[in-house]
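S.K.: Each chain is listed here by its residues.
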Amino acid sequence: MHDNEHTSHHEESFLRKYVFSLDHKTIGKQFLIYGLIMFFLGGGLALLFRWKLAYPEKPLPIIGVSQQYLDEGEVVTGADRMWERIYESDEEEWLELYMPAGVMTDAFYNMLFTMHATVMVFFVIVPILVGAFGNFLIPLMIGTRDMAFPILNMLSFWFAVLAAIIMMAGFFVPGGHAAAGWTGYTPLSADAQWTGVEWGQILWGLSLFVQGLSSLVGSINYITTVINMRAPGMTFFRLPLVIWSLFIVAVLLLLAFPVLSSAIVLLVFDRLAGTTFFTATAEGGGDPLLWQHLFWFFGHPEVYILILPGMGIASELIPVFSRKPIFGYRSMVYAMIAIAFLGWIVWGHHMFQSGMRPGLGSIFMTTTMLIAVPSAIKTFNWLGTMFRGSIRFTAPMLHGIAFVSMFVIGGLSGIYMANTPVDVYIHDTYFIVAHIHYVVFGGSLFAVFGGIIFWFPKMYGRYMNDVLSKIHFWLTFIAFNCTFFPMHILGVGGHRRRISNPLAEAVEVVTQEQTFADMNIFITMSAFTLGFAQLILVFNFFWSMYKGKTAEQNPWHVNTLEWEAPTPVPHGNFGQIPTVYRGPYEYSVPGEEADWTPQAQPEHAPATGGD
Amino acid sequence: MLRWLPENISTFGQGVDTLFSAIYYITLIVLILVMATLIIFLIKYRHQEGKKATYIEGSTTLEIIWTAATTVIVFVLAMFSYPQWNKIKSPNQFPENPDVVVQVSGKQFNWDMTYPGPDNEFGTDDDLDLENELHVPRNAVVHIRLTSQDVIHSFFVPQLRLKQDALPNRFINVWFEATKAGRYEIPCAELCGFGHSEMRGYLNVHEQTDYDAWVQERWPQEAEGGQ
Ligand code: HEM
Ligand SMILES: [Cu+2]
Ligand SMILES: [Cu+2]
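These protein sequence lines are chains A and B, in that order.
At position 181 of the first sequence the residue is numbered 1531 (this note's numbering), and the sequence of numbers has no breaks.
At position 196 of the second sequence the residue is numbered 329 (this note's numbering), and the sequence of numbers has no breaks.
It is worth saying that the hints were derived from the structure and are not from the lab.
Quick caveat, the model's predicted, so the values are computed rather than measured.
Be a bit skeptical, because a hint or two may be false.
Stated by the list, open to error - Covered stretches of chain A (in silico footprint by chain B; criterion: 3 or more residues with CB under 8 Å from a CB of chain B, positions within the stretch not fixed):
hint, segment
1, 1550-1561
2, 1625-1638
3, 1715-1721
4, 1728-1742
Yeah, the Cβ is synthetic: ideal placement off N, Cα and C, and Gly gets one too.
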């Protein structure tokens, strides 16, 4: 079982091997690097507008003019020189349009937060969780040689690249980029006259449409692979939970994304062909609420697409490093299925204050509150897994624990907003921003970090540096909480979201306005720390790829099949397809010598495999 | 956290605040319990030489208990919330015979307030248009006819615990009764373009006598006007 024999011996060209690869592992790594690059872009956008929120009128560091220049017109810094040049040139320069003298305009601020959220949701979290982990893990963990449709798989990646290019192009077209929020509410997004944005909004739609194609072919592939290509003995209830989560997410993507794509087509018609699907005119026409219904009918399943694979990853990390079976395997599966079902009937909780009929609000409140139940079940099961375990505080485990604790906070804040009367007050305040980031950053991203460190030895045959990983973890964990926890308080104080100048905010709402300004500065400082901490991760990632300690075949002593494959995993994955004899979480089985019993180990044979 | 809530000045706001604090204490207790359990487990069950983990696959009893417990909690919360929600938002439960009716219309980036005048009808000569200033008496039922002239805006008065989106070509009714005189902000809570940040109007709650004087000033011939 441990021969390093390649199953296919033919030499592949460079292009086929590294660029237009058909190998699920390479495509997975491509998605990972793609996601990390986009992560830096999305994060950079956030830091830009966080500056504005802390110092609405102060020029940005580095590219803004200096104080001396403002006061006396004296050129002291490189930036001053640059601005002199810009002022002297006759052409309308990009920077001058959006950041005169280094102070961001309100219009550009709107573009930045719109693109920050769009990039993070569609180009970071989904590509990494679904594209990278999905591709890398599914064939390896179910015990097969590749995906069902390798060419579709490759297309899925290159569609995603195309979508990212289209999205980034939006910054450079006349009128600037989309500025109607990642939710693109109509009529604001439906007509250039309301924002001054011409092609940006259309490119936004086009890009998401292409990204939808990428998700579509990807999800068809995942579903087919999981249903048809499991190794002998790998029944559905022996699947690792991360595979369950990816399978469920593939179904959600397949059903949800076309709704967004259709809505986008109608939106583009509204903009280009003068239709009025999403705008109400005096003569009749469509309805702005139709867009919201379509968007959130897609959007709520989408937020569960963002979290389910994170839950799956945490469900791998916690048993492995507690050396215990997952607590309540079946209830974990049923909880995920329940979340996936309920996820379709809660979209209206984003529209409580939208003018939707109040009676509907009550119904959506009920279904939304219900979704807290499977979320709670999962949390208790993770705790149950650690109960009487033998917990190892490795870097991946730290991230797994952070995932659970941050998800709890995000889930609990969800209850406030699910409650219609309370939502009347906190809707569209920073409370929502806090909630989003606790679930998506605190949840999904910590799982992503943990997953990267955990599977890195299988991906690249080396460990990531442990000290750097732990420094990165603690910095991220602390800076994350300093950045996002205070946002709950801002929200309760009435601080609206999506505003560019918080100094004017809430001046008479709350008498603590000075405190609000201070809090915004504190949040910005923490956000910069958080951003820079990520450089450690990236450095560690690329450095360890070449210089990391060489890893054994199964360094963490894990039961699942991906660790049966040799490292580095050859084309075709396994010498011989393994047979599965048991569930994925048989750790510390009584009577066994070792504290782990791999899925592929025949009955009554001693554990082997970890060198 | 609760002390950050701005002062409540509406009759239904108290109910919102009560729910808010109920949820606050419930979630706080859950959070403390979960975090404490987590930390205790992390310390107590950390890896120690020679100690193995105990093989436990799960417990159906526990699963049933915590599923049932969370279901009950969320349903009880929901039960208390329906009436409160209907009181704020369901037009058929609004107090009838409002003392004041005003049309509030959002536009990039202002609130247009229209008073129907003594004849109580919109679109007549005695209508009064005010930009960004809403005047109402204290302890009076006010009905707002909310609409928009361009994109979606959202009428938000934090102290009233009231928020409602304003949609173009639709009239959505909301109501409130303010219990304290003063001047309060009406920020726009829905992204409406580059001026969204600065879009705000003001709600002026007057004592009845001051309000009457204000009405008298606007519509001098009508002693009892502006109703
Ligand atoms: C216990 C579970 C949860 C509940 C009860 C819940 C409830 C809600 C509610 C009611 C809103 C709308 C609030 C408003 O706009 O007034 C909301 C917004 C949001 N939720 Fe959750 N949520 C839960 C979990 C999650 C998870 C797991 C994710 C994602 C990973 C998530 C992501 C989001 C996002 C991104 C928004 C904001 C969308 C926007 O307006 O931009 N939520 N949530
Ligand atoms: Cu939702
Ligand atoms: Cu607005």
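S.K.: Look at each hint and say if it fits the structure.
M.R.: Taking the hints in turn, this is what the structure says about them:
no. : hint      : verdict
1   : 1550-1561 : violated (count 0)
2   : 1625-1638 : holds (count 5)
3   : 1715-1721 : holds (count 4)
4   : 1728-1742 : holds (count 12)
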